[in-house]
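Student: Residues per chain are reported as follows:
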Amino acid sequence: MKLLMAVEVVARRQVTPRVVQLTLRPAKRAAFPAFRGGAHTILVLPDGKRRLYSLTSDPDRPELWQVAVLREAAGQGGSAWLHEAAAIGTRLLASHPQQGFALAPEAARHILLAGGIGITPFLSMLPELRRAGADYEVHFCARSEAEAPFLPELRAALGDRLRVWIAQRLDLARLLACPAPGTHAYCCGPARMVQGFAEATAHWPAGTTHVEHFAGIPRAEAQQGEAFEVEIASSGAILPVPADRSLLEVLRAAGHGVDAACEYGACGSCVVQVEGGEPLHRDVCLSPAARRRSMTACVSRGRGRLRLAL
Amino acid sequence: MTNSYPWAGRLIAAYIAEQASMEMEELPAARMIEGVGIEGDRYATGRGTYSYKPHEDRQCTLIEMETLDALRRDHGLTLEPHESRRNLTTQGVPLNHLVGRHFRVGEVVLFGGRLNVPCKYLDDLLGRPLFNPLLNRSGLNCRIIKGGTIRPGDVIEPV
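Line by line, the protein sequences give chains A and B. Following our numbering, the numbering of the first sequence begins with 1 at its first residue and continues without gaps. Following our numbering, the numbering of the second sequence begins with 1 at its first residue and continues without gaps.
If you're looking for bench data, these hints aren't it; they were derived computationally from the structure. One should not assume that every hint holds.
[Claimed, not checked] Looking from chain B toward chain A, a few residues come up when the C-beta cut is under 10 angstroms (computed): (1) W7; (2) Q19; (3) T49; (4) Y52; (5) E83; (6) D124; (7) L126.
[Unchecked claim] To be clear about the criterion: a stretch of chain A counts as covered by chain B if any three or more of its residues have a C-beta under 8 angstroms from a C-beta of chain B, and this derived list gives those stretches: (8) 2–10; (9) 251–261.
Everything numeric in this text was worked out from a predicted model, so none of it was measured. No residue lacks a Cβ here, since even glycine has one placed at the ideal position from N, Cα and C.
Whenever a hint applies, use it, and build me the whole structure from the sequences.
Tutor: Have a look at this one:
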């Protein structure tokens, strides 16, 4: 459900020098739609930029949502705008909850691994774990205490369940060496940490490891690759996609209103259906089944000619 | 020959969306602006998904409540009136037979421009496979010939 809702910023809190927490209320409905811990929303800024943020508030409080925004020094201006210009009273649009990442209800034990701003999807999972009386532990890695968002609150709320790794390497391979039956592990953090998690859990049973991607392939690489072409099924038009442009750019230039949000292959907003040809998938969000019939227009490419159901 | 097959229906509800992809809002009364659209709606302000291809038939869109009931009955699919992206939900109105016809909604007169065609965009927006079940009954795209204010319960009838 990618429907957008009008929301208003009703509170702001500087959590760390680079992270601001925004509290949002629905502007035209009494309460937000339900979500489960780990969901994210797509915020649409006034200039049309779309940015994905994990919902950090308790799912049992539908009257407000909270998100935490890391100011990206080398970003495209979206996070900077939210830091500088999204004052109390600002109107934005927010999508219905996007639920890719969630707790496994069947798990007997949960191991949550967060790096830096990657703590955010776990913040809305924690109230669910507490209410369920679940067995869980949280490992939180950060460069410094001052840069670890929500650390004081987490320490107060979690006590011994929280292990903090400040400027000290968490040995993922050791921690995750022996998967106990019924244990699920979850990771959200920088690309290097997610990669380390994938390697450390390669031997875990299928379906017991869960990753939330904050970054797909680097932006500079995202829009480039081999040249290819696409055929539009409805019109028969052939559109060349040169090496230095993305399929998304080419489709939009040709008048196709393809949605997009992250533009690095992580959110699935720009998925287009593929009827023929060989796509070269570079996303981090589609399942193998979805890849057989669709592709992300923002980062994925093709060999030769693809036929798109547009 | 103006009305060889008499019918009369009702307006169930009226909705607008401020811009493309935004949730629709139910209106207690909709102000229909002749030749433009519905006050506050995305196609009256040029902020709709298809506003880059302006067409007078997009001023106002209608769908039958009977279609939404059939989706539930025959396909187990829920499509609430406020999710349909159509402005007016009707009951007892043969929309498919009003292409090229004038008809009245309360004090307003509409002209049936063309049948609405379902769009994969709705499937993506709602995450439900609605495209095929909506084929041939996706509603009617209309021009507003005579403006005015309409409310749920208003009679819809041939002119």
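Student: Of the numbered hints stated previously, which ones are contradicted by the structure, given in increasing order?
Tutor: 1
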